[in-house]
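Asks: Each chain, letter by letter, is given below.
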Amino acid sequence: MSNVPSDLKYTKTHEWLRTLPDGTVEVGITDHAQHALGDLVFVEVPDTGRKLSAGEPFAVVESVKAASDVYSPIAGEVTAGNPGLAAQPEAINSDAYGKGWLMRLRPSGAAAALLSPAEYEKLIAEEGD
Amino acid sequence: MSTRLEKPIFEYSVPGRGAEDQWPRDPGAAGTEDLPAAMRRARRPLLPEVSELEAVRHFTRLSQLNFSIDTHFYPLGSCTMKYNPKACNSLAMLPEFLARHPLAPESAGQGLLACLYELQEMLKAVTGMQAVSLTPMAGAQGEFAGVAMIRAYHRARGDLERNEIIVPEAAHGTNPATATMCGCTVREVPVDADGDVDLEALKAVVGPKTAGIMLTNPSTLGVFERRIEEVARTVHGAGGLLYYDGANLNAILGKVRPGDMGFDVIHVNLHKTFSTPHGGGGPGAGPVGVGARLSPFLPVPIVGRRGERYCWLTERDLPQSIGRLSGFMGNAGVLLRAYIYMRMLGREGMSKVSEYATLNANYLLAQLTRAGFDAAYPKRRASHELIITLKRQAKELGVTAMDFAKRLLDHGMHAPTTYFPLLVPECLLIEPTETESKAALDAFVAAMRAILTEAAKEPERVTGAPHTMPVRRLDDVRAAKQLDLTWKPIGAHAIPAKP
Amino acid sequence: MAFIPHTREDVESMLAAIGVAGIEQLFDEIPANLRLAGLAGVPEALSEMEVGRLMVERARLDGRPLCFIGAGAYEHHIPAAVWAITTRGEFYSAYTPYQAEASQGTLQLLYEYQTMMASLTAMEVSNASLYDGASAMGEACLMAVRANRRSRSRRILVPTTVHPHYRTTARAVAGNQGLVFEELPYCTEEGCIPAGALDRYDGEDITALVIQQPNFFGRLEDVDALCDWAHARNILVVAVVNPTSLALLKPPGEWGAQGGVNKGGKGADIAVGEGQALGVPLSSGGPYFGFMTARMEHVRQMPGRIVGRTLDAAGRAGFTLTLQAREQHIRRAKATSNICTNQGLLVTAATVYLSLMGPAGLERVAAAARARTRELVGALTRLPGVRRLFRGPAFHEEAIGLDRAAAPVLEKLAARGILGGLDLSEHYPELGPALLVCATETKTSADMECYVSALADCLREARAA
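Protein chains in written order, with this note's numbering: chain A, 1 to 129; chain B, 130 to 628; chain C, 629 to 1093.
Just chain A, same shape as in the assembly (with noise of 0.2 Å):
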């Protein structure tokens, strides 16, 4: 079962999304996925200034079996990405939601699409077996 948490919004392609209070947007990717990926070995955030369209690749998360693109849920500017992944990509499986944060930013305009967390929930539950 995975672990879908209530105040935050999620994309189609396994990305969650958080407000942060100064406006700007924080993203990682579910517990869903990182418990479908495996254990992570190595993951590349984006440098900060970086500018993103909706939609666009901005990080490749990498687990022995399986390499990702993440993808990003809205347009903005990178404003930064996690230091802490270089030295621990296994802090996505075991903290998805905090400490496994991918990059923040702060949003230019328009967001694709964005499901609530009973929209993703559905969504996993049709995925699965």
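It should be emphasised that the hints constitute simulated quantities derived from the structure, not laboratory data. One or more of the hints may lead you astray.
[Said to hold, decoys possible] Cross-link-like lysine-lysine pairs, in silico, DSS-like; alpha carbons within 30 Å at most:
(1) K122/A with K9/A
(2) K122/A with K99/A
(3) K122/A with K610/B
(4) K65/A with K610/B
Fit chains B and C to the given chain A structure using the hints.
Replies: Below, chains B and C alone, put in the same frame as chain A:
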């Protein structure tokens, strides 16, 4: 097979030791005079310093840690691990063939060129294509050549919009990777419940951007694409071309030809169907064959004939060629081995290959089904390979296809393919090939039965397998996170080796 | 003969188990109109004895002329142990080591190979091989594009002193992904890239600079200056090197006036080349193998297989393929390359060869080859009408100029069983009639004397005519 591990060869080194009798005489100052000091190497590279016997012993012992066709049943699906006849090796290694420089004149190569020309002709006959280039050095390079030729063809006609390559979901990973390398985008089509390409989905995906489709037949799911002619009509009708991935040619050799099925370009894996050695990961050879439309674009060089003389045809003779794929002319030594094998098979032998490969696969399908395993496509005939799915066992017993694969090693058999096709969960893709006897197949079924029983009674024996190999299961996660890719002198090493 | 072991009883019993009357029924899913009656165009089967005679006859036709051609493929002595071990069934007929527990032999050998190549090139990491030197250069350019984040142009500078076939192959292999190859002219007196050749690119967005050392003419380029120029401008350096030469010459990881990584400088970013000289016979151009080494920071952009050392479930050290997530069978459309099969058997031969040679032996081979070529070229250029084309240091091949067209001269020599060198007029017509000649440690003084006097005869005949 041995289970005693060897230490890395560097740990045998003693400074000053070496196989001196193999070295040339010291040329003295003449070797290095007029070589500016700034260009000289300052410190010696880390290479072993061992005697000839120490080297021979070390590498012989390493070889004894391997499974191989010569020593073990090796039913790897989609790899065609058939017997590699020794004559193919010894005759390809005749001293004159080994000593010939690639840039030697044609006059000093008529023997080799005759073999290569005849190989081209035989491949044309077997595949039903009009022209062949032997240069691609592996299946993946053959695929690259094929897709590059399709792209070149469309561009030559001024049709610059066509850059989509259609690939079934079940395709081998090299197919979409190749499409990307050729600057194309990939469109996937689903496969239906019986393993055939979903025709309705295909019709929805083809259009003015379609450059072509990449298919294997029989498909990667081990079954024949029954409506191949309709697939061909659909793609051709939309202006695209058909590419045939020859990985599964062993199933239809002498029975059907890709050219007759409507394919415009094919590649053949000589290291699969035509028994050249797998060598621990190559070398292969992936010759491409084409219909008339694509022949101007073939990669060079090709062997031609002018009267009684054989010659090379190069960029000058094929100005629209997609170019050279290698420094010289591809893997000549591999091509020779395939030539020798094909001469030994002859026309009758080719048909026998597909007949007995198919017989063996269908026999395994019947016996494994009897033993309680689930075929992925139970209503279909197996081609030269079959897929069983262990989804049920994984759910009921907690034992996966990978666990079965590892336990088979303890039975002295190499596992079937487990990582592919991605479409079938917990699959074992099994290809016995025609060179395995009924006794070998019966032994395999018996081993699978035994593991199934064990999985119900003592699952840890299966999930903890292998138990009798030189090493137990290896920590892949650690291998990728703590990269140890080169040996470092004692003291600098990350891993303390246990005795 | 198809090496099929079944007896009639076996077949009957198997058909019964399947539930069909005959083998033909197993093909009933194939549309009848596609089925072949037989294979016209394929000759009848030959026994092993018969094909043996055929091949011996064909080999005899080709003979064994005395070979003085280099140009990317080099004749060296290969100890008998190399191929005795390499053709052992356990190496020869093994598959790619995907099931690590059943392949520790191959995997450990590859780990040892990676170690040797990384050290030989003074780089930090090596892959387990690519197809050959030419395609490796193409892959290196693609890798440079992925690795160089600061450049968007995909422009690659390639000197015309890089092997002509390598340049064509790189274009064929990498051209479809938007790479733009720009050729740098060379100096016809020096046979090298002139000092000012790069000036016009100052300030432009260039992704990588390719440097071949020794270059196609055997000449030694000023690699330190070229490397420094590139690095000062955020341009990655792709080195294309001859592995034997690295026993004598400064390796790519130490290029740069500051002496590479070990002395505060930078060294090349990626090094590739043709591995054939390390224990692989000439065999008409293949199979060979391409090697690729690089700085550790680029390892995830590296195509091909890589072996890593790790621990097994019992805490013992063992080897396995790693970083596979980059490869085609997982990453599919986004893989670093489509490469699947590589050149495992040839790498096996090279690893055994390097173990027999060791650092001292490899240095001897390099020095002996260089000495022989100097001796040969010295003797040839003492003949009237023959001159050295380029001044400056060379490794083990050199270009010589003739006073008449090269092709007829080579033909006459070939009729006497001597392959005198490569005619340079096809790729470098601006040099006039010229040959690229190479003599390795396999050539005795008698061999070279044979060549020199044959050439003298040919030149005399032509003058008399």
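Asks: Next step is simple, just say for each hint if it's right about the structure.
Replies: Against the structure, the hints come out as follows:
Pair hint K122/A plus K9/A holds up; C-alpha atoms about 14 Å apart against a cutoff of 30 Å. As the CA atoms of K122/A and K99/A are separated by approximately 26 Å, the hinted pair is consistent with the 30 Å bound. Restraint check: the Cα-Cα separation between K122/A and K610/B comes to about 34 Å, which exceeds 30 Å; the hinted pair is violated. Between K65/A and K610/B, the direct Cα distance comes to roughly 13 Å. Compliance with the 30 Å bound is thereby established for this hinted pair.
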